[in-house]
Amino acid sequence: MSAPVVTPVSSILLVVVASLFGSFGMVFFKAGATNSTAGLKSLIFNWRVFLGIFLYLMSSVFFVLAMKHGELSILYPLVSLGTVWTLVWARIFFGEQLTKTKFAAVGLILAGIIFLNLGR
Amino acid sequence: MSSATISPAPIGIVDKRRRSFILVFLCTLVGAAAQMLIKTGAATVTRPGFFGAIIAMLTNPPLFAGYCLYGFNTILMVLALRDGELSMVYPVIALTYVWVSLLSMVVFHEPMNVFKAVGVAVIVAGVAVLGRSKAA
Numbered sequence: 001m002s003a004p005v006v007t008p009v010s011s012i013l014l015v016v017v018a019s020l021f022g023s024f025g026m027v028f029f030k031a032g033a034t035n036s037t038a039g040l041k042s043l044i045f046n047w048r049v050f051l052g053i054f055l056y057l058m059s060s061v062f063f064v065l066a067m068k069h070g071e072l073s074i075l076y077p078l079v080s081l082g083t084v085w086t087l088v089w090a091r092i093f094f095g096e097q098l099t100k101t102k103f104a105a106v107g108l109i110l111a112g113i114i115f116l117n118l119g120r
Numbered sequence: 001m002s003s004a005t006i007s008p009a010p011i012g013i014v015d016k017r018r019r020s021f022i023l024v025f026l027c028t029l030v031g032a033a034a035q036m037l038i039k040t041g042a043a044t045v046t047r048p049g050f051f052g053a054i055i056a057m058l059t060n061p062p063l064f065a066g067y068c069l070y071g072f073n074t075i076l077m078v079l080a081l082r083d084g085e086l087s088m089v090y091p092v093i094a095l096t097y098v099w100v101s102l103l104s105m106v107v108f109h110e111p112m113n114v115f116k117a118v119g120v121a122v123i124v125a126g127v128a129v130l131g132r133s134k135a136a
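So the sequence lines, in the order shown, correspond to chains H and Y.
Per this note's numbering, the very first residue in the first sequence carries number 1; after that it's consecutive.
Per this note's numbering, the very first residue in the second sequence carries number 1; after that it's consecutive.
Only chain Y is shown next, with the shape it has when bound in the complex (with noise of 0.2 Å):
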């Protein structure tokens, strides 16, 4: 009886705008996820100096897969920015340090103050205020 006509999604400029923001929303979640191997990895380092970094970036377990995940977000940021605004689309980034504030005081027991959460906000909202911009 119905036979209502559905008509595909036009495929335009706002669906692509709106993939390369779902891929870069991806991105804080793996970043975040990095962030927390990286800082485990790198308190554990002993080599000092800067081959030393490099040296332990690639034997050191937790800062090998931290930078892995890293690969695989600049993979997924590259891919998102070919549809958008370098100067839009990069700090949607910023919300990986929502994720990373919260990761800190759960896993790491970092201690959290007025100061360090009105700063994590404030970020957070020159990011958004960044997101209304005109040129978006």
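The shape of chain H in the complex, shown without the other chains (with noise of 0.2 Å):
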């Protein structure tokens, strides 16, 4: 058996943290693509997707920092809390209906993350 690695509770908050600048990312980066015409020029000249890239850097960074500590197996799957916040912007930023369906798929998602951090 390998020695236990513990993954610690500020790695947990920083993912969490890293999720949420992701998902905001996420928000800008479907505003710049339906905004954008044809064209690749459009896609690459467009505000809304170079605040998108801003966004995932902050995340990223949140995310090194997160990463410095404990178990791969446990932190990355906590980036599916940006699922779950996606699920939330899409409805109030885009107006995309929150179906049954989806509420469930946010259970199953947020269930998970709890199993996850019972194996911890």
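These aren't lab readings, by the way, just hints derived from the structure by calculation.
Honestly, I wouldn't trust all of these hints.
On the chain Y side, residues computed to face chain H include the following (Cβ under 7 Å) [to be verified]: (1) K16; (2) I54; (3) A94; (4) S101.
Away from chain Y, derived, C-beta distances all over 10 Å, residues of chain H [to be verified]: (5) V6; (6) L13; (7) L20.
A short, non-exhaustive set of chain Y residues, derived as facing chain H with CB atoms under 8 Å [what the hints assert, rightly or not]: (8) Q35; (9) I38; (10) F64; (11) L81; (12) F108; (13) N113.
Virtual Cβ for every residue (Gly too), placed ideally from N, Cα, C.
Dock chain to chain to rebuild the complex, using the hints, since each chain is given by itself in its own frame.
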């Protein structure tokens, strides 16, 4: 057996912060992607896409700080919280419907995260 | 003798959606590889704090390589998002969790236990349920 690796709470919180930044990055990618007309140029020279990239970079810095300690197999799945945020932002900013199915999916993802933390 | 007419596949919303899905699936493989590099690099970062992490992202080879892959991943994802609904396309990314969990065991020798296995499985189930959502 290998020596137990402790995943500190601080690392977990840093992943949560990273997932929030990442989900907002996603919102701006979507806004930029649907806003651009045909052609790669309109996609590249698009402030929404740039802001999305910036938010992703912010997310990445928090993620590196989180990854310093602890197990990848615990920390990485916590990124799925970003999916939950994204569904909420999709509802708020793009008017995408939050159906019962999506609610069920969110419930499963959150349950999965709880299980992961029990296995910590 | 045979002069069967092969009608070309109609180019429509279904094909766009399929292309979008394939791109996102590719993202999960690239993303998992990036995570392995990021974890490898992050574990060796000695400079503390927020700016320490930024400097490490630029100077630590595995971290830098990991984020280059991540950047490539992001381009793929933006392309995928052009044809897919945000709330449908993004969760497919969750497949990455399976690859990362398996690679964590194999490469980093992280222990697996029932809770972790069930946790990842339930998360993936959540993703599968999302795919069945009516809006897809």
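Original post:
Should the hint that A94 (chain Y) touches chain H count as held when the rule is a Cβ pair under 7 Å?
Top reply: Given a least distance of 6 Å, the restraint on A94 (chain Y) holds.
Original post:
Since L13 (chain H) was said not to touch the interface, does its Cβ keep a gap of more than 10 Å from each Cβ of chain Y?
Top reply: Holds, since 14 Å exceeds 10 Å.
Original post:
Against chain H, is F64 (chain Y) within 8 Å by beta-carbon distance?
Top reply: violated, 11 Å
Original post:
Once the shortest beta carbon distance from K16 (chain Y) to chain H is found, is it less than 7 Å?
Top reply: violated, 13 Å
Subject >> Hint status (Cβ of L81 (chain Y) to nearest Cβ of chain H, threshold 8 Å) >> reply: Cβ of L81 (chain Y) sits 5 Å from chain H, so the hint holds.
Original post:
Under the criterion of a CB-CB separation shorter than 7 Å, is I54 (chain Y) in contact with chain H as hinted?
Top reply: Because about 6 Å separates I54 (chain Y) from the closest Cβ in chain H, which is inside the 7 Å limit, the hint holds.
Subject >> Restraint outcome when S101 (chain Y) is required to lie within 7 Å of chain H by C-beta distance >> reply: S101 (chain Y) check passes; min Cβ-Cβ to chain H is 5 Å, inside 7 Å.
Subject >> Claimed clearance of chain Y by L20 (chain H), with the beta carbon kept past 10 Å >> reply: holds, 14 Å
Subject >> Hint status (Cβ of N113 (chain Y) to nearest Cβ of chain H, threshold 8 Å) >> reply: Holds - the Cβ of N113 (chain Y) comes within 8 Å of chain H, reaching about 5 Å at its closest.
**OP:** Hold the hint about Q35 (chain Y) up to the distance rule: shortest CB distance to chain H must be less than 8 Å.
**Re:** This interface hint holds because 6 Å falls under the 8 Å limit.
Original post:
Would V6 (chain H) pass as off the interface with chain Y, using Cβ distances and a cut of 10 Å?
Top reply: V6 (chain H) clear of chain Y: closest Cβ-Cβ about 12 Å, beyond 10 Å.
Original post:
Holds or violated: F108 (chain Y) as interface residue toward chain H, Cβ cutoff 8 Å?
Top reply: Interface hint status for F108 (chain Y): holds (6 Å vs cutoff 8 Å).
Hint compliance for this structure: hints 1 and 10 are broken, all remaining hints hold.
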